[in-house]
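Asks: Each chain is listed here by its residues.
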Amino acid sequence: MHVFVRNGTVKGGVCPGKEAVFFEGATIEALLSHLALSPETVLVEKGGEIVPEQSILCEGDEVSILEIISGG
Amino acid sequence: MMKCSSCGSAAVFHDRHKNGSFCKEHFFSSVEGKFSDAVKEFGMVRPGDRVLVSFSGGKDSALALFLLKKLLDSRNDFKLAALLIDEGISGYRDRSIPVAEDFCRSLSVPLYIADLKKAFSRSVDEISKDLDVLSTCTFCGELREHLGFVLSGSMNANKLALGFNQLDYARHLLGFYCFDDASRIASINPIFPPDGLSPVQRILPLCRISQKEVALYVYLKKLRIDPGDCPFQAKLRDSGRSFHHDSARMLYALDAKYGLKSGMLHTFESRVAPAVTARFLSDKSPERRCQGCGSFFKPPEKYFFSPGLLCGQCKGSVGIKETFE
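Going down the list, the sequences are from chains A and B.
So the first sequence is residues 1269 to 1340, counted in this note's numbering.
So the second sequence is residues 6 to 330, counted in this note's numbering.
By construction, these hints were calculated from the structure, which means they are not laboratory data.
Treat the hints with care, since some could be wrong.
Cut-off 20 Å, straight-line C-alpha distance, at most; resulting in silico cross-link-like pairs (PhoX-like, lysine-lysine) [said to hold, decoys possible]:
| # | chain 1 | residue 1 | chain 2 | residue 2 |
| --- | --- | --- | --- | --- |
| 1 | B | K84 | A | K1314 |
| 2 | B | K226 | A | K1314 |
| 3 | B | K45 | B | K84 |
| 4 | B | K240 | A | K1279 |
| 5 | B | K226 | B | K29 |
Start from the sequences, fold in the hints, and give me the full structure.
Replies: If you want it as structure tokens, here you go:
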């Protein structure tokens, strides 16, 4: 499957630009695993709404991955 | 589309441990319930308390303050204020203080700002010139913790609330084990010290709420938090030498499979904490007490200040004259 990913942070919002990502699977959890991201460290938006990582993705979907930045 | 297990609306969060999904409103209720349960379970806020929230402007302390204000509105039997410690980090605090002031104003909670340099003679920027980034962050945390405690006492607060979420709670506990800091294991209890030992008790009202739940609540509620990042914390993340971040990665993995509350934290609270607290209480070493406020916390390195001098003068020396009436 391939989707388009926008990156950003919970504090700062989404950065400009998006990248195509090809991965095995059909869920946001699989996408995060492919990107070596823990679901606990990000919020994911699809269609402008926050969705759980168990949500199903479709070919060509666009998602925003917002990193949760914690202290030092 | 995933649906809320309670009402069938679009879900925003799935709790893998409860195997339930939550829409926005039920997610808010779930987080607020975890907060209320922790406050009740540990007796964190009692009638007549004067609660000072250690407020950095970030997501965790913002949520702690927001939920305590909600609790205050429903009970109206305690007092609430926020304390922000200006560490003297250029390009960071000068930007975040106005955000913190706006946030507290929006909640109608008084905000007091203390100057770390006035208390310890040196700002964190100045301290950082002699230390590497890891030592700077560690030292800054120690100084802020100690100053928060001292000021709580001098401001006549009897509870100091920290915005430690469940991950912070677990990784501090793990850190004390890893660094053989057994003397402090008791201090990570969600309420500490036990009743009657100190004028001020430190409380962790977010100890049952995961980091992700904190971030999601703040994001969905559109709470205005500091958009910046501490430059030292950013450097520490990039350095690859941060126990804070390394332990988080490990705990995420453990939590996903086994759960922190049902595993590590439950064992600590039910088995370890009673034993280490009893041992702590039997240790009467005078250096374990802050000279100024009498709290049971070991002051940080004595190189930077004389504990007696600091605590005796802290009320005037850091620019805060107000107290809870």
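Asks: None of the hints should be skipped; say for each whether it holds.
Replies: Comparing the hints with the structure gives:
no. : hint               : verdict
1   : B/K84 <-> A/K1314  : 41 Å, violated
2   : B/K226 <-> A/K1314 : 18 Å, holds
3   : B/K45 <-> B/K84    : 17 Å, holds
4   : B/K240 <-> A/K1279 : 18 Å, holds
5   : B/K226 <-> B/K29   : 9 Å, holds
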